[in-house]
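With chain A fixed as given, assemble chain B onto it according to the hints.
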Amino acid sequence: MAAPLELSCWGGGWGLPSVHSESLVVMAYAKFSGAPLKVNVIDKTWRGSRGDVPILTTEDNIVSQPAKILNFLRKQKYNADYELSAKQGADTLAYIALIEEKLLPAVLHTFWVESDNYFSVTKPWFASRIPFPLSLILPGRISKGALNRILLTRGEPPLYHLREVEAQIYRDAKECLNLLSNRLGTSQFFFGDTPSTLDAYVFGFLAPLYKVRFPKVQLQEHLKQLSNLCRFCDDILNSYFRLSLGVDHFLLKVNHRYLLSPC
Amino acid sequence: MSLVAEAFVSQIAAAEPWPENATLYQQLKGEQILVSDNAASLAVQAFLQMCNLPIKVVCRANAEYMSPSGKVPFIHVGNQVVSELGPIVQFVKAKGHSLSDGLDEVQKAEMKAYMELVNNMLLTAELYLQWCDEATVGEVLEDVDQCCQALSQRLGTQPYFFNKQPTELDALVFGHLYTILTTQLTNDELSEKVKNYSNLLAFCRRIEQHYFEDRGKGSSSIKSS
Numbered sequence: 001m002a003a004p005l006e007l008s009c010w011g012g013g014w015g016l017p018s019v020h021s022e023s024l025v026v027m028a029y030a031k032f033s034g035a036p037l038k039v040n041v042i043d044k045t046w047r048g049s050r051g052d053v054p055i056l057t058t059e060d061n062i063v064s065q066p067a068k069i070l071n072f073l074r075k076q077k078y079n080a081d082y083e084l085s086a087k088q089g090a091d092t093l094a095y096i097a098l099i100e101e102k103l104l105p106a107v108l109h110t111f112w113v114e115s116d117n118y119f120s121v122t123k124p125w126f127a128s129r130i131p132f133p134l135s136l137i138l139p140g141r142i143s144k145g146a147l148n149r150i151l152l153t154r155g156e157p158p159l160y161h162l163r164e165v166e167a168q169i170y171r172d173a174k175e176c177l178n179l180l181s182n183r184l185g186t187s188q189f190f191f192g193d194t195p196s197t198l199d200a201y202v203f204g205f206l207a208p209l210y211k212v213r214f215p216k217v218q219l220q221e222h223l224k225q226l227s228n229l230c231r232f233c234d235d236i237l238n239s240y241f242r243l244s245l246g247v248d249h250f251l252l253k254v255n256h257r258y259l260l261s262p263c
Numbered sequence: 001m002s003l004v005a006e007a008f009v010s011q012i013a014a015a016e017p018w019p020e021n022a023t024l025y026q027q028l029k030g031e032q033i034l035v036s037d038n039a040a041s042l043a044v045q046a047f048l049q050m051c052n053l054p055i056k057v058v059c060r061a062n063a064e065y066m067s068p069s070g071k072v073p074f075i076h077v078g079n080q081v082v083s084e085l086g087p088i089v090q091f092v093k094a095k096g097h098s099l100s101d102g103l104d105e106v107q108k109a110e111m112k113a114y115m116e117l118v119n120n121m122l123l124t125a126e127l128y129l130q131w132c133d134e135a136t137v138g139e140v141l142e143d144v145d146q147c148c149q150a151l152s153q154r155l156g157t158q159p160y161f162f163n164k165q166p167t168e169l170d171a172l173v174f175g176h177l178y179t180i181l182t183t184q185l186t187n188d189e190l191s192e193k194v195k196n197y198s199n200l201l202a203f204c205r206r207i208e209q210h211y212f213e214d215r216g217k218g219s220s221s222i223k224s225s
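Chains A and B supply the protein sequences, listed in that same order. Position 87 (the first sequence) corresponds to 87 in UniProt numbering; numbering is contiguous. Position 180 (the second sequence) corresponds to 180 in UniProt numbering; numbering is contiguous.
Okay, chain A solo, but in the shape it has when bound (with noise of 0.2 Å):
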């Protein structure tokens, strides 16, 4: 516990910390089970692999992947899950597996496939963080890796037609919202008065959608019907993460004085 923990992510916009599910499963987690994370945001002159983003170093280990992260968290006793039944522990695994089925698809169309979505707001994000000439490359390529992760867990024929794809897994991602608001109902977190890992997953694909504006909403109009999710994603932005914001507001309140003044 002694050796800092520093975790490469993507940077945040739109009110939040990152707007990358991975990484801000990762950094919801660390604020929950108190696990100390130097965070690093990747910018232009980051020298490393983008690809494996969110990346933690310690000083002896370079761990990849929110799962094996939060694995690593665990065993450094960051346990965000300590009072979690064992019933409770296998139900964490299967909505997780619920949300990477039945969700992520949408979420990764969304960001990266629509192209209205894509090319006004990603790809100038993400590029803006690249160097060049990375950044003509980059963002291309992870748009493809989306479009074909969708087609894979589809399972159906490559003839399959992309419209009735997309028809299909939006449909899902909307059951999965709802499945998600009904499971949460009044209470704060998914198991209880603390968070745990649930909440993490759940914060980390949910936030990003609820807040970037995008020209193409139909699943964030979806998600903001469903106040009790809206209301989880807020009030876990409200109390782990204010202070780091608190830097954006700031020099927004400064830039509204400094335009209101007269010359």
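These are calculated hints, taken from the structure and not from any lab test. It is possible that some hints are incorrect.
As the list claims (entries may be wrong) - Calculated lysine to aspartate or glutamate pairs in the EDC-like style (CA-CA distance at most 20 Å, straight line):
hint: 1; chain 1: A; residue 1: LYS75; chain 2: B; residue 2: GLU142
hint: 2; chain 1: A; residue 1: LYS68; chain 2: B; residue 2: GLU142
hint: 3; chain 1: B; residue 1: LYS56; chain 2: B; residue 2: GLU84
hint: 4; chain 1: A; residue 1: LYS144; chain 2: A; residue 2: GLU59
hint: 5; chain 1: B; residue 1: LYS56; chain 2: B; residue 2: GLU20
hint: 6; chain 1: A; residue 1: LYS87; chain 2: B; residue 2: GLU105
hint: 7; chain 1: B; residue 1: LYS95; chain 2: B; residue 2: GLU20
hint: 8; chain 1: B; residue 1: LYS93; chain 2: A; residue 2: GLU100
hint: 9; chain 1: A; residue 1: LYS87; chain 2: B; residue 2: GLU116
hint: 10; chain 1: A; residue 1: LYS68; chain 2: B; residue 2: GLU139
hint: 11; chain 1: A; residue 1: LYS87; chain 2: B; residue 2: GLU20
hint: 12; chain 1: A; residue 1: LYS38; chain 2: A; residue 2: GLU59
hint: 13; chain 1: B; residue 1: LYS108; chain 2: A; residue 2: GLU6
hint: 14; chain 1: A; residue 1: LYS174; chain 2: B; residue 2: GLU139
hint: 15; chain 1: A; residue 1: LYS77; chain 2: A; residue 2: GLU59
Stated by the list, open to error - Listed next, the stretches of chain B that the computed footprint assigns to chain A, with coverage defined by at least 3 CB atoms under 8 Å from CB atoms of chain A:
hint: 16; region: 22-30
hint: 17; region: 109-115
No residue lacks a Cβ here, since even glycine has one placed at the ideal position from N, Cα and C.
Okay, now just chain B, sitting in the frame of chain A:
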């Protein structure tokens, strides 16, 4: 299926009662059928038995090609053909039969989540069994163990996952676990993982006895060890 087609099929399905000659098509047993397809077929059979809907199982070498979607198993009911457990559950529901109507919203969410977990982890294991990729054996065994542990926890001492009445989750879990336990292979590490959980073994035996043997459908029994 597109939304329009699905609505259309639901309407037609609702119109007619379940016929006596409903048939399930799968590949030939033994050499031809893939482990994962066998699990899928068993899951559908278990589900239909639990709904008390008669079904005749027919093995055909060209079952995949007979299926309009290319997926097996498929059922031929009246003049309609439906493939895979998910759509079959919907189809059966449109005809007024359901195992999960008694569940509340939270339980339904849980049921769907556990079905995804099973699809995620056990399906991968079965694909491994088929193609025997040595490089991933460690990870696969760990995943199967984790999945079985979760299922065992969830089941506890209950007869079925949602206590007294079986649901499509029970059918799916049975299809996969039974297949893993009974498939003859050179490597038994996978079935050994499942055998570590005595309540899962008892669960499989219970369903085998109640829904398969009692109705005169004998097939390879679970070996006790």
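Hint-by-hint comparison with the structure:
Under the criterion of a C-alpha separation no larger than 20 Å, the hint pairing A/LYS75 with B/GLU142 is consistent with the structure, at around 17 Å. With a C-alpha separation of about 14 Å, the suggested pairing of A/LYS68 with B/GLU142 holds against the 20 Å cut-off. Distance hint between B/LYS56 and B/GLU84 is fulfilled; the C-alpha atoms sit about 16 Å from each other, no more than 20 Å. For the hint linking A/LYS144 to A/GLU59, the alpha-carbon distance of about 35 Å lies beyond 20 Å, and the restraint is violated.
For the given pair, B/LYS56 sits about 9 Å from B/GLU20 by alpha-carbon distance, which is consistent with the 20 Å threshold. Restraint check: the Cα-Cα separation between A/LYS87 and B/GLU105 comes to about 18 Å, which is no more than 20 Å; the hinted pair holds. Straight-line distance between C-alpha atoms of B/LYS95 and B/GLU20 comes to about 14 Å, which keeps the hinted pair within the 20 Å bound. Note on B/LYS93 and A/GLU100: the hinted pairing is violated, with a Cα-Cα distance of about 26 Å set against a maximum of 20 Å.
A distance of roughly 17 Å separates the Cα atoms of A/LYS87 and B/GLU116; the hinted pair therefore holds under the 20 Å criterion. Note on A/LYS68 and B/GLU139: the hinted pairing holds, with a Cα-Cα distance of about 13 Å set against a maximum of 20 Å. Our distance criterion of 20 Å between C-alpha atoms is broken by A/LYS87 and B/GLU20, whose separation comes to about 41 Å. As the CA atoms of A/LYS38 and A/GLU59 are separated by approximately 13 Å, the hinted pair is consistent with the 20 Å bound.
With a C-alpha separation of about 40 Å, the suggested pair B/LYS108 and A/GLU6 falls outside the 20 Å cut-off, and the hint is violated. Restraint check for A/LYS174 and B/GLU139: not satisfied, since their Cα atoms lie roughly 31 Å apart, outside the 20 Å limit. For the hint linking A/LYS77 to A/GLU59, the alpha-carbon distance of about 17 Å falls within 20 Å, and the restraint holds. Look at the region 22-30 of chain B against chain A: 0 of its residues bring a Cβ nearer than 8 Å to a Cβ of that chain, fewer than three, so the hint is violated.
For the region 109-115 of chain B, the stated coverage by chain A holds: 5 residues have a C-beta nearer than 8 Å to a C-beta of that chain, and at least 3 were required.
Violated hints for the displayed structure, listed by number in ascending order: 4, 8, 11, 13, 14 and 16.
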